[in-house]
Amino acid sequence: MARFLAGRFFSSLISVIGATVAIFILVQFHNDPRELFVPDSGFGISEEQWDALGVRMGFDKPVWQQYLNWMGRTLRGDLGVSLARDRAVTELIAGKIGATVQLAIGGWLIAIAVGIPLGVVAAVKRGSGWDYLARGAAIVGQGAPPFVTGLVLIFVFAVWIRDTPFSFLAMPAGGRNPDFNFKDYILPCIALGWPAAAGLMRLTRSAMLEVLDSEYVRLARAKGVGWNKVVFKHALRNALIAPVTSALLIFSGWLNGALVVEIVFSWPGIGYDALFRAVNDNDFPLLLGTVFIFILIYLVFATLADIAYTIIDPRVRLN
Amino acid sequence: MAVATGTGEREIELGYRRRSGVLGSLKHGWWLLRRYPVIPVIILLALAVAAIIGPTVSPYPRDSGEIFDRHLPPLATSERTGNFYFLGTDAIGRDIFTRLLHGARISMQVVIISLTAGMLAGTALGILAGYYGGIFDELITRFVDIWYALPFLMVALVVTLIFGRGLTVLMFVLALIAWSVFVRVIRGQVLVLREMDYVASAKVNGASAIRIMWKHLLPGVLNTAIVVATLNTSGLILSESVLSFVGAGIQPPTPAWGVMTNEGRNYLSTAPWVVLVPGGAIFLVVISLNFLGDWLRDRLDPRLRQVD
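Respectively, the protein sequence lines represent chains G and V.
Sequence positions in the first sequence follow numbering that gives the first Met the number 0 and run 0 to 318.
Sequence positions in the second sequence follow numbering that gives the first Met the number 0 and run 0 to 307.
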């Protein structure tokens with residue numbers, strides 16, 4: 000285990016360095032971020048001020064030195080200062096990440112609570128109405144882009160339903176109240192969790208079908224073990240390996256969905272309020288900071304997933 | 000869902016015999032629908048027709064509309080101009096059906112070009128990495144791993160930030176998304192193929208490395224490459240629509256389906272069809288491609304079932 004963790008740490012380090020170096024180089028091709036400080040008329044900033052800005056941002060040094068400086072500061076927990084908003088990047092990210100984490104956890108719970116049980120039921124009652132319902136829902140989840148699901152959910156549950164007798168089911172169309180309101184979370188979390196639930200459901204179903212068809216399950220049945228016991232004790236534990244691993248990995252790939260869901264639901268999270276605006280404002284310290292945080296999150300969850308793998312399935316040995 | 004494809008349907012394959020009579024024909028039709036991706040193919044053919052001849056036969060101008068005909072529902076006839084709008088009009092009175100046809104052509108164009116580029120680059124790199132191995136292979140696999148760790152939307156946003164927005168940049172971004180899957184799968188296959196006896200005998204006969212890769216390895220992985228391409232088309236269409244929706248892809252007024260969905264977003268309560276029509280179109284096309292891809296995979300390369 001220790002060797003595995005050391006190896007993983009090393010390869011993670013390479014990933015982080017590779018990605019940040021890539022962004023550093025790419026930013027070099029782009030407009031000078033100092034242009035952000037120039038008024039639209041093009042006047043109002045002198046040569047000296049321009050150069051002073053360059054010195055403050057470290058542009059007088061070669062690129063590799065800029066990168067090392069950035070790395071050094073990052074290791075000390077300082078991600079620099081946002082150009083467009085003149086605040087510390089760590090502070091900006093810390094202020095926004097809460098909303099995203101809440102959204103992500105909500106969607107994750109929905110994905111697990113719906114995807115895995117539905118997959119088990121669909122496999123155990125193969126060919127039944129449940130099976131078709133589960134597969135239909137999975138097809139929709141994997142086929143519809145998150146913004147379409149989100150907008151359709153808003154249309155149905157925030158607009159159309161108000162004119163029906165079911166208006167008590169109406170949900171807020173977006174945004175998040177400062178004081179906690181349970182209803183704010185329902186539609187965004189469903190929009191985010193649905194595709195993941197679809198993937199989990201398909202994985203669980205196929206794993207479960209495979210296990211239910213295996214020799215040892217048939218042996219257990221033949222020696223008289225009850226059906227429920229076979230399903231829950233013999234089959235489920237073995238079938239859950241793949242779904243559980245991938246359930247942990249969902250988080251890592253979730254930025255894509257979260258960004259779109261945040262835009263559709265005007266959600267004040269890190270994807271929309273930090274990454275998207277950093278790109279639009281050409282705010283490279285903020286951009287680097289968010290990218291760095293995202294990659295870190297991904298790597299932590301990938302490692303956790305591998306460790307969880309060994310705990311669930313002792314046959315797997317990490318090296 | 001009527002169209003369940005795939006080899007999992009063993010009982011249908013084993014316990015079926017065609018019977019005569021009307022009921023028998025109906026049952027046979029149903030069996031065909033379950034066995035072959037008929038409906039997805041019809042939808043995709045419709046899309047292809049729409050993309051090829053749609054823009055030329057479309058009834059109304061693409062980017063300009065009758066402002067007084069704004070937000071007419073589908074199947075409405077305008078009382079003022081007498082125009083018939085099959086799928087309604089949007090916020091500035093443009094015919095949604097016309098824009099949908101134009102959008103089909105643009106999406107097809109973007110996806111086909113970027114997928115081909117990604118497939119060529121990915122397959123070439125996969126064959127090279129698998130055949131030569133060693134440090135080259137190590138470098139490429141590591142790079143693909145890192146590439147996987149990056150969320151594609153982030154990559155796309157950064158690339159569009161630096162190279163500007165537009166059609167070429169979008170295709171470039173989509174090719175960047177597409178290539179890495181090919182490297183992984185193709186490399187794995189080449190690792191197996193290169194140990195085969197026929198490759199060894201080609202080598203003994205003095206074939207050059209390029210000849211071996213081109214004549215002996217490429218044909219072996221071509222099926223897989225095609226299957227991987229089909230399986231990834233739907234993902235690319237999704238990515239394209241997401242990018243256009245977010246504003247990093249095709250720019251308005253060009254009518255990509257994602258752009259159209261975004262434009263209708265603010266009028267959801269008064270004119271839901273502006274969102275639902277292009278959104279539904281994306282959905283149908285993606286589902287059809289998923290079905291077709293699964294079916295092709297089971298036919299051409301069932302081993303890939305384990306991969307994804």
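FYI, nobody ran anything at the bench for these hints, they're computed from the structure.
Only a predicted model underlies this, so the values are computations on that prediction, with no experimental measurement involved.
Please note: incorrect hints may appear among the correct ones.
What the hints assert, rightly or not - Footprint (simulated), chain G over chain V, 3 or more residues, beta carbon under 8 angstroms:
1. 48-54
2. 134-145
3. 152-159
4. 259-271
Stated by the list, open to error - Here are a few chain V residues that sit away from chain G, every Cβ distance over 12 angstroms (derived from the structure):
5. Y35
6. T76
7. R104
8. Y131
9. F162
10. G187
11. A201
12. G234
13. G246
14. A247
Built from N, CA and C at the ideal position, the CB exists for glycine as well.
Of all the hints numbered above, which does this structure not satisfy? Sort the numbers upward. 1, 9, 12, 13 and 14
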